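Got chain A sorted already, so can you dock chain B onto it with the hints?
Chain order of the listed sequences is A and B.
For the first sequence, the numbering used here begins at 1 and goes up steadily by one.
For the second sequence, the numbering used here begins at 1001 and goes up steadily by one.
To be clear, the hints were calculated from the coordinates, so they are not data collected in a lab.
The reader is advised that the hints may include incorrect statements.
[Unchecked claim] With the Cβ distance kept under 7 Å, some of the chain B side facing chain A (calculated, not the full set):
| hint | residue |
| --- | --- |
| 1 | A1117 |
| 2 | P1146 |
| 3 | V1151 |
| 4 | T1157 |
[Claimed, not checked] Residues from chain A that face chain B, not an exhaustive set, calculated with beta carbons under 10 Å:
| hint | residue |
| --- | --- |
| 5 | E19 |
| 6 | R54 |
| 7 | S98 |
| 8 | R104 |
| 9 | P167 |
| 10 | P243 |
The structure presented is a predicted model; accordingly, all values stated were derived computationally and were not measured.
Ideal Cβ positions, reconstructed from N, Cα and C, are used throughout, including at glycine.
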Amino acid sequence: MTTTQMNMVQAINDALRHEMRRDDRVVVLGEDVGKVGGVFRVTQGLWDEFGDDRVIDTPLSEGGIVGTAIGMALYGLVPVPEIQFADFIYPAYDQIVSELAKMRWRSGGEYTAKMVVRTPVGGGIRGGLYHSQSPESLFIHVAGLKVVCPSNPRDAKGLLLASIRDPDPVLFFEPKRIYRAAKGEVPEGEYTVEIGKASVVRPGEHVTVLAWGAMLYEAVAAADEARKQGVECEIVDLRTLWPVDVDTIVASVKKTGRLVVVHEAPKTCGFGAELVALVNERAFVHLEAPPVRVCGYDTPFPYTLEMDYLPLAHRILPAMLETARY
Amino acid sequence: MQSIASAPNAPLGALRDDGSLDPAHAGALTDELAVALYEHMVLARTVDERLVALQREGVIASHSSAVGEEAAIVGAAAAMLDDDWIFPSAREHAAALWRGMPLAAYAHHVFGTARDATLGHASGDPPFWRAARVASCSPLVGTQIPHAVGVAWAARTRKAAVAALVYFGDGATSSGDFHTGLNFAGVTRAPVVALCRNNGFAVSTPVARQSAPSGLAVKAVAYGLHGVRVDGTDVVAVLSVVRAARDRAVAGGGGTLVEAVIPAVERVDPVERLRRHLEARALWDAAREQRLVAEVAADVERALAEARAADKPAPDTIFDGVLASSTASAPHARAPR
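Bound-form chain A, shown alone (with noise of 0.2 Å):
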């Protein structure tokens, strides 16, 4: 299969033009998303290539963007409506939660809003408390949902065609701290990253590290670490938050016996709180340690101190060790 080296931008700009050219269904709607190819550039070129009436500029009002896509699925087409940042997300919640979420259970599955709600997330680009948060529990907790979070250019290529082509409303978050830094081989043309999997990006057989997104790679640098102390990790990049491949990770608990959950949201309530629970309700007696949570604080995102916020890898390490000797 020939590819060509991209960074996550062009992997996704690569997936939804793809899509667009394969299925004419497909619209892509947002503030921004036109002309100037949206605020990372993203959607560049589509507008050229498909017009205005798939590639929309929108009015300014994310309640107006998701509850207009829920018509647009209605009606037959396959929005991918892009939210600037996820943390404009909420003037849209009530539409994601309340409607896009239950459309297909509160009609017996006569109707259906299938759409791809693609959005930023995360921190460490100096946004700030507005342009730097990670609210995937506030979806995850949603039953109706499905959402990913890929962490490198093939992954979210992948993701994004599974995710246009999938039955259900998908949320796909972009850490955008990697939007141009994350760089690899991404194949031309046709291929799917099955929603649902996740994947063992380093094996190991003393910690298992459960990541995603940016995460993954401060996991990754804190594992180089401890490998020279001795310790072992086996690194799971989740991919998909929900539905969460469960299997890999009970499978991964129960070799090594210890857990170590890494992501940038606030630690209460974040989805590290749900995958302790799943780990102990299915892998209790294999666990050889309390599992560990390595998360952002539970205060709102800093400007300046965003790095001593954020999980970076010298946090993460000592929890790795600390579990492992435990």
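Chain B alone, transformed into the frame defined by chain A:
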């Protein structure tokens, strides 16, 4: 300096107090349609009265009655063409019935039986009818307005001659989704007819506590939409106004906010108003009235009795439809603990 806001226009009407019809609207109403509208409004009234009674007896949990609003609801639904979409709010079950939802299907929905299309998931919420594009809506106020605009907008981009009708009450004009939806409608020139039933009250709150201007149609101006006030107890006027708005929108002339002004039913009864017209037109008499009332009452009673006695959905159906594949919906969704 001149302000845009002004006293609202008097609502448009077509039916006169003596039962005659303004000749300007005569073309809108064939004999056959006049009788069909009347029969359907009687059905709507009967359903409401029975369900309100069942709610008061504690048999069903809730029912949002539309007594007195039959002309606005049925007239607007009748104005739309077969390919058009309809988005109800909490009180427009009569629109789904007009579009062909069988009374039995509605009764099963009300009681949340195993034969309810929602599997009992969403009984008490607005009924939908997929076969005739009556959409599934929640009872949350205003959220369906952007959906209607999205359908209409999509149809316009696909060059289809399709419009969307969306209903809501006067309280919804205070919601963010009303503003958002109508703003998108204006910007995109989506072929939408937004029908506001202004009965003066949202539950207990008077319209003066919702909105400062007297009259709600004036809000259309700020969105680049047409705004029309119509007598919401006059089914012929509603039919005529909504049809004109629908046709103009599909032709690319922009959407319309229709304010259907509806006084309390004790003051003006829309069903009686249409009956007076049918009588003036020699289409109706006491014998036909007696026969219709008896038939409708029997139909409604039979449908409700059957649904009331029907089986509940099986417990496992709680999980149906969370996601397309129920096994994928959650790793522990079906686990009993």
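Right, here's what the structure says about each hint:
no. : hint  : verdict
1   : A1117 : holds (5 Å)
2   : P1146 : holds (3 Å)
3   : V1151 : holds (4 Å)
4   : T1157 : holds (4 Å)
5   : E19   : violated (17 Å)
6   : R54   : holds (8 Å)
7   : S98   : holds (5 Å)
8   : R104  : holds (5 Å)
9   : P167  : holds (4 Å)
10  : P243  : holds (5 Å)
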